[in-house]
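Those protein sequence lines, which keep their order, are chains G and C.
All letters in the first sequence, in the order written, are residues 1 to 395 by the working numbering.
All letters in the second sequence, in the order written, are residues 396 to 790 by the working numbering.
A couple of the hints might just be wrong.
Stated by the list, open to error - Footprint (simulated), chain G over chain C, 3 or more residues, beta carbon under 8 Å:
hint, region
1, 397-410
2, 612-623
3, 634-645
What the hints assert, rightly or not - With a straight-line Cα cutoff of 25 Å, these simulated DSS-like cross-link-like pairs (lysine-lysine) come out:
hint, chain 1, residue 1, chain 2, residue 2
4, G, Lys-309, C, Lys-623
5, G, Lys-243, C, Lys-708
6, C, Lys-638, G, Lys-314
If you are wondering where the hints come from, they were derived from the structure by calculation, not from laboratory data.
Each residue gets a CB set at the ideal place from its N, CA and C atoms; glycine is no exception.
2 protein chains.
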Amino acid sequence: MIPSFNFTRIPQIIFGPGKLANLYSLISQYGKSVLIVVGASSLKKSGKLDEIQKTLKDKMINFQFIDVNGEPSPSMVDEVAQKYRNKNIDLVIGIGGGSVTDAGKAISAMIPKLDSIINYLEGVGTKIHDGQKIPYIAIPTTSGTGSEATKNAVISEIGPAGFKKSLRHDNLIPDVAIVDPELMISCPPSVSAACGMDAFTQLLESYVSSKANPITDALAYSGMTYIKDALIPACSNQSSNIKIRSSMAYGSLISGMTLANAGLGIIHGLASPIGANFIIPHGVVCGTILAEATKMNIKMLQKMGSEGKISLKKYADIGALLSDEPLNTKTNLSVNLSTLIKTLENWTYILHLERLSKYGISYNDINKIVEKAELKNNPVKLDKKDMIEILENRI
Amino acid sequence: MIPSFNFTRIPQIIFGPGKLANLYSLISQYGKSVLIVVGASSLKKSGKLDEIQKTLKDKMINFQFIDVNGEPSPSMVDEVAQKYRNKNIDLVIGIGGGSVTDAGKAISAMIPKLDSIINYLEGVGTKIHDGQKIPYIAIPTTSGTGSEATKNAVISEIGPAGFKKSLRHDNLIPDVAIVDPELMISCPPSVSAACGMDAFTQLLESYVSSKANPITDALAYSGMTYIKDALIPACSNQSSNIKIRSSMAYGSLISGMTLANAGLGIIHGLASPIGANFIIPHGVVCGTILAEATKMNIKMLQKMGSEGKISLKKYADIGALLSDEPLNTKTNLSVNLSTLIKTLENWTYILHLERLSKYGISYNDINKIVEKAELKNNPVKLDKKDMIEILENRI
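Given the sequences, and given the hints that come with them, work out the whole structure.
Here it is in structure tokens:
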């Protein structure tokens with residue numbers, strides 16, 4: 001029986017190498033005054049940003065660039081939103097990694113408001129955002145967060161009293177996502193690895209999510225089909241191969257669509273407090289605990305007996321997908337489950353995803369992290385001691 | 396290599412038995428004055444329409460019912476649009492089969508205009524619709540056209556100078572689709588059969604379409620996975636089984652999403668001129684020629700040699716899906732292709748899909764039909780004589 005489900009809208013998607021060129025005709029549909037949020041990224045080094053700037057000038061489009069360094073903080077979003085509140089901005093564009101596309105999303109949503117984003121953050125503020133925003137186009141330059149297709153912007157306050165929380169509304173899904181794999185070619189191997197592992201984590205967590213539905217299942221499976229063969233090459237000897245980058249860009253885009261509709265699990269539930277308290281890239285957190293958390297989920301599902309069977313079967317299907325015999329589900333369930341775990345461990349090793357201790361996280365920090373962790377839509381209930389075990393194995 | 400592709404927005408989807416109840420809180424998001432387009436359907440007989448009417452009154456919502464009989468004609472749409480043009484309608488709702496949901500879509504798009512829909516129909520008028528419309532919620536009561544997720548409304552002028560053409564714009568995709576399988580339970584077997592074959596045809600044609608992309612592939616495959624086991628039961632001894640109706644409703648919804656983004660093929664290319672010149676339900680046309688047209692496509696793809704391989708493989712994948720060994724793709728390609736054709740022929744027979752002659756179409760009409768047929772995004776080029784052969788075999 002298909003479970004009841006809601007599926008939010010998705011952005012208009014323009015996918016393919018060179019499709020950035022479509023931006024200019026799109027802008028004219030919205031107006032003449034554009035705010036462009038960019039990162040301190042490889043986009044500048046590659047000369048792409050100069051090219052964009054020149055074309056905008058030629059086309060007589062008024063534009064302002066906003067530089068974003070690192071994950072967007074409440075004060076950064078507030079400052080930009082206030083500065084441009086009465087400037088008749090017709091369109092916001094975010095070109096960059098997940099932090100940049102999230103920053104653009106948050107700015108587009110906060111320009112029409114009069115107060116701080118703090119008031120609207122889940123679990124922090126008391127107000128609910130009404131979805132009113134300036135139209136927003138997201139253009140990712142990494143294959144990671146899928147932010148170009150999600151309805152939330154992650155805002156971070158880093159430090160002892162830090163948090164990592166979302167501004168969320170169905171209407172914050174970008175109006176358009178231009179996914180141009182050419183923009184990802186200059187992404188360095190370590191960033192490609194962390195982002196790629198984040199995308200795969202998002203796909204796997206939404207695939208086994210307690211809120212999954214047939215649409216998210218079909219899409220997540222499709223996303224993993226493309227990522228599985230492209231992840232390692234994209235981070236090594238084929239980083240300039242447009243076919244490989246296209247597969248990663250597709251998987252990442254899809255991961256945004258599936259997480260927006262099926263939610264995530266314990267890996268992202270642990271990643272929030274870790275990211276709020278330590279300076280560690282989000283993709284690295286996800287990537288480094290992916291195999292351990294998956295192992296724990298499978299162990300606990302196996303203990304559940306018949307109730308855990310559906311989720312175990314889903315994990316096994318992905319194990320089969322990752323093996324050399326993707327369609328041979330006749331193989332023993334446990335063989336496929338162990339293939340899944342081994343492959344994830346192997347990726348973690350090959351892609352040099354560092355242990356948490358490398359980022360200053362010690363055994364003493366684990367309790368505090370687990371205290372703030374959320375299960376989200378994890379397919380199985382985990383106790384605090386299970387979460388502690390996951391983290392201890394990756395310290 | 397993933398081909399470049401665009402994917403339009405999809406409606407906000409609310410799926411599940413009993414979800415019609417969500418309509419009332421949704422209406423309040425749009426306003427207080429609602430135009431409700433309904434058909435001469437089983438919805439009335441089942442008492443559901445009285446129930447809706449009572450709830451709307453209780454909630455003090457102003458509403459007007461518009462009755463649609465048969466496929467919407469230009470004059471019907473013009474008349475309704477004119478009548479309600481200055482009545483401050485906040486929302487249009489279409490509850491019914493494909494004709495009704497298409498009529499609602501067209502009315503919502505024509506209320507803001509001042510002239511006839513004729514001017515905006517593809518291949519008939521000279522104007523292009525700009526997408527401006529009254530917000531629109533589509534609620535299907537059959538599992539067939541997937542109109543609740545498409546960007547076009549099919550408008551029919553039946554007769555010797557007749558046509559069957561689309562009003563089309565990305566923005567005409569309904570704002571919300573409420574897909575409640577309970578509304579389909581009262582759908583009679585012959586309608587369920589014709590609609591179900593239409594939905595499957597749309598999924599198969601968009602799956603093998605020359606414009607297919609990984610998203611439409613994943614979705615179409617998922618849709619066919621659900622329809623394959625539900626089609627026959629939904630039209631026979633399990634027509635009241637909500638699980639079966641949910642599978643059909645899901646497949647139909649998905650078929651709208653895939654056809655809106657990947658397009659269709661020769662079956663729909665032939666169905667347009669047939670539907671324009673003869674009184675025959677659209678689903679019956681698709682259903683009755685589905686097996687023959689698929690056989691012809693496969694024959695012509697086989698003649699192409701290596702160029703036809705990708706599409707043949709896709710047809711074979713669906714043959715494997717329809718067989719008892721869905722995941723055994725190791726089987727010979729030709730075995731799977733023949734399973735596909737045999738299953739489609741079998742469905743046509745079991746579901747009593749009549750031959751075209753039953754609707755007054757004779758050998759003498761074939762040339763005229765083929766003259767006006769379009770290949771659309773068929774995976775292989777067909778000559779006029781190939782199309783004639785398809786139709787001759789179903790006269």
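Indices of hints not satisfied (ascending): Violated: none.
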